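Input sequences plus hints: build the corresponding full structure.
Protein chains in written order, with my numbering: chain F, 1 to 114; chain R, 1 to 115.
Accuracy of the hints is not assured; some may be wrong.
[Said to hold, decoys possible] Here are a few chain R residues that sit away from chain F, every Cβ distance over 10 Å (derived from the structure):
(1) V4
(2) Q41
(3) E56
[What the hints assert, rightly or not] Pairs of lysine-lysine, DSSO-like flavour, derived with a Cα cap of 27 Å:
(4) R:K57 x F:K37
(5) F:K42 x F:K22
(6) R:K57 x F:K42
(7) F:K101 x F:K22
(8) F:K42 x F:K68
(9) F:K68 x F:K22
(10) F:K109 x F:K22
(11) R:K71 x F:K37
(12) F:K37 x F:K57
(13) F:K109 x R:K14
(14) F:K58 x F:K101
(15) F:K109 x F:K57
(16) F:K71 x F:K57
(17) R:K57 x R:K71
(18) F:K42 x R:K14
(19) F:K22 x F:K71
(20) F:K57 x F:K101
(21) F:K101 x F:K37
(22) F:K37 x R:K14
(23) F:K101 x R:K14
(24) F:K101 x F:K42
(25) F:K109 x F:K42
(26) R:K14 x F:K58
(27) F:K57 x F:K42
[As the list claims (entries may be wrong)] Pairwise CB distance ranges (calculated):
(28) R:S62 x F:K58: 22 to 30 Å
(29) R:H10 x F:S96: 43 to 51 Å
(30) F:V54 x R:H10: 33 to 41 Å
(31) F:R95 x R:D7: 27 to 35 Å
(32) F:P82 x R:R81: 25 to 33 Å
(33) R:E68 x F:E79: 29 to 37 Å
None of these hints come from the bench; they were simulated from the model.
Note that the structure is a prediction, hence the values are computed from the model and not measured.
Glycine is no exception: its CB is placed at the ideal position from the N, C-alpha and C atoms.
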Amino acid sequence: GENVEQHPSTLSVQEGDSAVIKCTYSDSASNYFPWYKQELGKGPQLIIDIRSNVGEKKDQRIAVTLNKTAKHFSLHITETQPEDSAVYFCAASIRSGGYQKVTFGTGTKLQVIP
Amino acid sequence: DTGVSQDPRHKITKRGQNVTFRCDPISEHNRLYWYRQTLGQGPEFLTYFQNEAQLEKSRLLSDRFSAERPKGSFSTLEIQRTEQGDSAMYLCASSLAWGQHNEQFFGPGTRLTVL
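Have a look at this one:
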């Protein structure tokens with residue numbers, strides 16, 4: 001089955017700096033890569049996603065890149081703010097039967113220091 | 001609030017007891033998923049429903065676990081004879097069946113502690 005690795009497990013940055021989280025996946029059939037933010041006591045919330053036919057996508061301060069050949073994808077957060085502090089999960093999704101089966105990475109705890 | 005809701009939010013039980021959790025998906029979503037999340041890990045897929053039909057179950061879902069979605073709306077997850085290893089956050093998510101990638105919307109989870 002799909003295996004998703006995520007690094008680093010923890011990341012501390014100064015407010016205003018950039019943060020980068022990197023993931024790799026194993027199954028070349030994966031075609032959709034969502035990123036989730038999970039705050040304490042809450043469920044994961046989708047913040048951005050990218051499809052396998054796209055190399056890069058940007059939404060305000062957040063961008064994702066995908067290298068299908070290397071099976072790498074990354075999340076970039078610019079101008080970090082204290083409210084960006086949370087656990088971030090990457091995921092790889094593959095069509096299985098009639099639905100998209102999602103495999104999550106192990107998470108990155110981001111701390112933005114004011 | 002029209003998001004996914006779960007009840008209870010927290011459950012503490014003694015080993016050997018049975019527990020049942022409920023998930024109410026977003027009303028127009030016909031797909032519903034259960035995940036388990038342990039500390040420091042990402043969510044792990046347990047099972048998936050389309051309407052009332054349970055279409056896939058993970059090997060993580062032992063025979064002590066059973067999930068239902070009787071009318072294609074809310075779902076329940078029951079764990080019988082709980083063990084300490086069952087302690088985790090149980091997350092429910094829902095999505096629409098159409099659309100290429102079926103974004104999953106998660107509920108707040110039920111945190112289970114087995115003593």
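- Query: What hint numbers does the structure not satisfy?
  - Reply: 1, 2, 3, 8, 11, 13, 22, 23, 26, 28, 29, 32, 33
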